[in-house]
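Participant: For the protein sequence lines, the chains are C and U, in the order given.
The UniProt record's numbering numbers the first residue of the first sequence as 1 and each following residue consecutively.
The UniProt record's numbering numbers the first residue of the second sequence as 1 and each following residue consecutively.
Derived from the structure by calculation, the hints contain no laboratory data.
All the pointers check out, no bait thrown in.
Computed footprint of chain C on chain U; a stretch qualifies when at least three of its residues, placed anywhere within it, have a C-beta under 8 angstroms from a C-beta of chain C:
no.	segment
1	69 to 83
2	355 to 366
Chain U side only, calculated, beta carbon under 10 angstroms to chain C, not exhaustive:
no.	residue
3	A66
4	R257
5	L294
6	I369
7	V405
Positions of the beta carbon are idealized from the N, C-alpha and C atoms, including for glycine.
So the chains spell out like this:
There are 2 protein chains.
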Amino acid sequence: MRQHAARDPDTLHRHLHDVQLLLSRQRLVEGLVHRQSMAHQDLVESLVHKQHEAALGRKLERLHPADIAWILEALPFTERLLVWDLVKADKDGEILLEVSDAVRGTLIATMDRAELRAAAATLDADELADLAPSLPTGLMQEVLADLDNEERQQVHAALSYPEDTVGALMDFDMVTVREDVTLEVVLRYLRRFNALPDHTDKIFVVDRGERLRGILTLESLLISDPDTEVAAVMQGESVITFAPQDDAGSAAKAFDRYDLVSVPVLDGARRVIGRLTVADMVDYMREESEAEILGHAGLREEEDIFAPVIRSVKNRWAWLAVNLFTAFVASRVIGLFEGSIERLVALAALMPIVAGIGGNAGNQTITMIVRAIAMGQVEPSALRRLLGKELGVALINGIVCGGGVGVLAWTLYGNAGLGLVMTAAMTLNLLLAATAGVLIPLIRQRFGKDPALGSSVLITAITDSGGFFIFLGLATLFLL
Amino acid sequence: MRQHAARDPDTLHRHLHDVQLLLSRQRLVEGLVHRQSMAHQDLVESLVHKQHEAALGRKLERLHPADIAWILEALPFTERLLVWDLVKADKDGEILLEVSDAVRGTLIATMDRAELRAAAATLDADELADLAPSLPTGLMQEVLADLDNEERQQVHAALSYPEDTVGALMDFDMVTVREDVTLEVVLRYLRRFNALPDHTDKIFVVDRGERLRGILTLESLLISDPDTEVAAVMQGESVITFAPQDDAGSAAKAFDRYDLVSVPVLDGARRVIGRLTVADMVDYMREESEAEILGHAGLREEEDIFAPVIRSVKNRWAWLAVNLFTAFVASRVIGLFEGSIERLVALAALMPIVAGIGGNAGNQTITMIVRAIAMGQVEPSALRRLLGKELGVALINGIVCGGGVGVLAWTLYGNAGLGLVMTAAMTLNLLLAATAGVLIPLIRQRFGKDPALGSSVLITAITDSGGFFIFLGLATLFLL
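Assemble the whole structure, with the sequences as input and the hints as a guide.
Facilitator: Here it is, written out as structure tokens:
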């Protein structure tokens, strides 16, 4: 909506290339300055340098803060800081909000306290609260000291709610009116504003104690006769509202389900204390889905792709350590049967098939159950039915898949017993995978844990160790 | 915003339990009727039955279509159809739009053509186009015949754009005005509407040929002097617009980046042909992230959790088949070294560690690269830098992780050479994983393919077979 927003990736890439071109010219100039250090040359080069810098500055001035944030993320470290220096200070705050956490750190590290205070001064209370965790210690106190009393309270309020609650995401911009005035009065009142809060699709109707009486949509305001009283056209009953301690995920689902744009946030006494908008919810949904996808690969956070290697190692370590442990356990399970493998070495070649297919099928089951839980559609009472269904799927897959693999093993090694053991082990491991895939998330849910977290590691650990144990155990019993 | 929307999961669950309670009472009555078939009893029971049915109907009448959709998804097959029969016909269309594809099929299968035509008649052109693929063949022709000419063209237009384009997601509801009238005239014009299109945050300013001249936000309309002309307060330049063939994913990013609520869709001659709203984008984002998460586990679509086993088997087969093939290849790689394993059986116990850690690390790399590509921040020119970084991470992990595992293997088997081979194999397999993790998505991207699709299978296949080959190969060379 603002000027020069780049609506598609092509335009964004063009902007990025422009910036890179200007940067490379500047680097060229810097190179020249280094090589030819005669006084008069210096002057010329420094003028040319200034020219390029000015061109880059003008380019940046025309870009939307969200686009500059994107470009900063796409630039390697030195170029990023060069561009960041050239960005007009009044955009700093908004850009810091837009960049990813990883990149925000690199930008803030280059700013002194005065710059950071100036950047903070351009932000609203709710935005300040978002930025607070990234600021150097002590600075937030100085920033708070710059605010008026109401804003300071708002920042404190926003910071007091846990992450992932409505209170942490709400903003404090809103328009309120009384119910006993006419729409004409409301229209005249609005004309005294210089701007309305972003995403104003409704006006909150409150009483003298700031308690919500209803909502007046801009639609009603615009299509109704101006002589009508607010009370006559406002929605009073069954208005959707949130409490600040409500879960942000549930709020996002409500926005999705009922196509909301803005929703009032009420305290225990039904006083309007803030507002949640669809823009907050879109951000939240994107971050959640990113976290979920990164989590599947055991990554804790989004990485700055140009971050130093050591930071990336830290981000990836936790999961690898867990995996190392589970792999070691699986390895010890195999160790139990080393005697059997020595006598029938085909077991070594076949065992990864049993474990691998089990892990795959288990991941499918657990993904399905975790999603159904997230949609709120699975209750512990549905356990038997779900388990029955997943065991049915596992049985069919075991007989078909396992049967095929069994025939293959028989053909390869000319050992019908080996084929039979393979089929039986595949089927049993798939049944184990289905059971664990249903039970793990449901048990985690019952104990109030996030059913998704680490579910993939757990199921793979079970199907690996379990698969090796079942296959090698059956082989030891029946073949040796 | 509509009546009786359930804003949180608790309320939704209460609704679900109410429905289940009413259903169970009804079942009880049906049971009685079956057992005691005396004429006068029949009458009484059938009255009681009717009473419960009526109570359930009243309950459903008060619920938002999106909530009924959720309840239908959460109910097993027979209960679902019972409830579906009781839903008032005028809600049928909206509910069909809200339920998942899997559940929609089960509902449509119970409706006759007349019911489906009636349901379709309650929908807008863009909604009809969404429903079209689920309708029985031929019915769409009848539905189209019921429409007026303009609507029919709109449906055809919406159907003519490929899935995942702006054209397939846009709606056709909008308010347009001319630029040479005053805001007072616009305000009077709006008062003639009974309702504004959902998510109207701006009015499109067009010339006589329906070409976009600018946009008038409701904000400007409300805060400006009514005597002002539209042209004076409208945004004319650098308004964000889409073309119908634009990619829906890029549009969603633009909504996210610039906090948009509604955007005009223009044809080649800048005529306004439709409108995209944030509600469409929220739906799109949710579906995309679901598809991505399901895709990670190799599931093609969301499953109706109460679907028959055979449907689930089909949904899960494709991936298992691929996995079966890659597992078989890995098994044959091991087969090459059966002689070595016979001579040193510890190799069989240790080899899954090498393969497993490699797969894990490879998945981390590929997830990171795929996300960076999706954000548009990786270009082929960044290849060398990315590869360098990932190889660095792999080397550190290989030396640390692999070193630890090497010491462990040495301690367990009292064989220092085995420990060294283990460390070397882990490091090499991690380097292989890093290389493949960077190259696979970049190569797929260069050939215009989706870099994410099946990336996890591919990388695991490489690190499994590669890991076995490297470890067993090194062991054969140096230990035997």
